[in-house]
Structures are given as structure tokens and as C-alpha cells.
Amino acid sequence: MTTQTQTLLEDMLPSTAEAQTYVDCSSPTSCASGYHDVKPNIWRAINEVLVKPTKLSAEEIAIEEYNAEDIPVRAMIEGWDSIERAGKMTPTWRKLRRADELCFTNCADTERLAAMRICHLLITPSQALPHSYGIDFFVWPGLRERLIFSQHQYCNNSFWELLQTNLKILWTDTFQDTFYHNAHTGKYHISPLFEQRIRDINAWTTSTDFFQHFPELSEDIPAYMGIPASMGAVHPSAVVPSSRRRYEDDESKVHKGQRAAIC
Numbered sequence: 001m002t003t004q005t006q007t008l009l010e011d012m013l014p015s016t017a018e019a020q021t022y023v024d025c026s027s028p029t030s031c032a033s034g035y036h037d038v039k040p041n042i043w044r045a046i047n048e049v050l051v052k053p054t055k056l057s058a059e060e061i062a063i064e065e066y067n068a069e070d071i072p073v074r075a076m077i078e079g080w081d082s083i084e085r086a087g088k089m090t091p092t093w094r095k096l097r098r099a100d101e102l103c104f105t106n107c108a109d110t111e112r113l114a115a116m117r118i119c120h121l122l123i124t125p126s127q128a129l130p131h132s133y134g135i136d137f138f139v140w141p142g143l144r145e146r147l148i149f150s151q152h153q154y155c156n157n158s159f160w161e162l163l164q165t166n167l168k169i170l171w172t173d174t175f176q177d178t179f180y181h182n183a184h185t186g187k188y189h190i191s192p193l194f195e196q197r198i199r200d201i202n203a204w205t206t207s208t209d210f211f212q213h214f215p216e217l218s219e220d221i222p223a224y225m226g227i228p229a230s231m232g233a234v235h236p237s238a239v240v241p242s243s244r245r246r247y248e249d250d251e252s253k254v255h256k257g258q259r260a261a262i263c
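full-length UniProt numbering numbers the first residue of the sequence shown as 1 and each following residue consecutively.
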């Protein structure tokens, strides 16, 4: 077990100062899988899923690499059960299936596919400070840093529900344009243009409604500004926080060669 894994459960609990105040993810009745009549706390549940060690056999690694683009698209089109029946699921994808079911099912199709693709690329965390595993799967460096030090300000389900419904990828084409089907192999592939788009951190935005609830996060996340009516062919625009640009420079130095090129 890694040092990061050993310190995770401590990190998930409130500190001495925090223990004086109730935080959503500290209640076992709100997150334990056995409480079927209670909606789980998404933040705690996703960390419990992602922290479980995953060891792939050589065969599973080969399957995962071969189907890395096919599985998220097929999950969107045919459902996760079809992938399980086809024998294509690996322990990694079972983790990400649960992450998808917890966090992304209320996203629009384009955003849901983008989230699954990036989460698969980021399955190995690279931050050095002890922190909750789920933090590594946020694409915005400023938000990752904020969550390391103040995750319990955002551990309630309303944060996740608002993030899902307000997440916007700067993509002018349709969901059907995010992938293509290879008739010869029978596999789905991510469109190269969409792959390029979602690896650009400035393409990950939220609508301005999100900042009405979390105004401080406007320092960390670009705001989606839509497409002017007279400029339908122009890519959607976003306002990139100046602090986000500073984080981008710092992250490129710290994580160079360790995480997918989305920052």
C-alpha cells in the first residue's frame, strides 16, 4: 500500500478544527453502500471507489489499451452492461463505471464522454501532498489545490449536482462528431479533433449559473460565455481566470511527464 493510500482515510476525516463542524462526507449513514434508502454522499463514495488498489494482469492491460477509446463511447451508446457481457471490462474500467454512475450521468453526452476519457487518462494520480484520491480527477489546477486544503467546503451532493448540470466543453459540433466507428474492426474511436479539444484545459468550463452558488471558484474555472447568435461557426468562448493561467504555468513544471497533457 502506498503512502498516499495509507493517508487517504485520515484525509477524508475532518481535522481537529474541522471536527467541531459537521461535514457531509463524515456521516457513515450518508455514504455507506449498505444504506439503500439513503442517497450516498458522492464525494466520499467516489473516493472509496478510487482508492481501492487495482492490479491488472498482462492480459487485462492489453485489453485495456486496445479498448481505451472504444469503451467510453460504447458505454454511452450501448450501456455499461454490454461491455461487461462482452468481457471487455477490467478492474480499472469497473472503477470508472462507478465514477460515471456517481458523478457524470446528469452531464450532457459530450461532457460525459469527455469526463470518462480524461478520467481514464488520469487514473494514476501524481500530486505529492496527502489528499483525497478524487481530487486528482479535476482538470483545473486551481480547483485541485483548493480542494487539497478545503475539500469539506465542497463535499456535499449539491456541489456535484450543480457541477454536472453546468459543465460545458467548448465544442461546437454534435455528440455524434466526438467519435467515429471503424467498420473493419467494429471498434469506436474518439475523434482526433475532440481528443485535441478535451486536452486543452481552457475547453473545460462551467456556465455562469454555477458561480452564483460558488463565486470563489470563478478564480479557478473558466466561465462558459456561449456562442454569439451572429457567429455560429465560431468556437464558443470562455473567460479564463488570471489565477488559472498562473496555475497552468506552475503545474506544467511540477507534473511534466507525469500526467496527461491537459494542463
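Mixed in with the good hints, there may be bad ones.
Said to hold, decoys possible - Derived DEER-like restraints, expressed as beta-carbon distance ranges: (1) Thr165 - Ile77: 19 to 25 angstroms; (2) His189 - Met225: 40 to 46 angstroms; (3) Gly186 - Gln212: 17 to 23 angstroms; (4) Gly79 - Lys39: 21 to 27 angstroms; (5) Met225 - Ile77: 27 to 33 angstroms; (6) Thr54 - Thr208: 33 to 39 angstroms; (7) Thr54 - His184: 43 to 49 angstroms.
These are calculated hints, taken from the structure and not from any lab test. This one's a predicted model, so the numbers in the text were calculated from it and none came from an experiment. The beta carbon of each residue, even a glycine, is placed where N, CA and C say it ideally should be.
For each hint, the structure was consulted:
1. Thr165 - Ile77: 19 to 25 angstroms: holds (22 angstroms)
2. His189 - Met225: 40 to 46 angstroms: This hint is violated: roughly 30 angstroms between Cβ atoms.
3. Gly186 - Gln212: 17 to 23 angstroms: violated (45 angstroms)
4. Gly79 - Lys39: 21 to 27 angstroms: holds (22 angstroms)
5. Met225 - Ile77: 27 to 33 angstroms: About 30 angstroms separates the Cβ atoms of methionine 225 and isoleucine 77, which means 27 to 33 angstroms holds.
6. Thr54 - Thr208: 33 to 39 angstroms: holds (38 angstroms)
7. Thr54 - His184: 43 to 49 angstroms: At 31 angstroms between Cβs, range violated.
Hints 2, 3, 7 from the earlier list are contradicted by this structure; the remaining hints agree with it.
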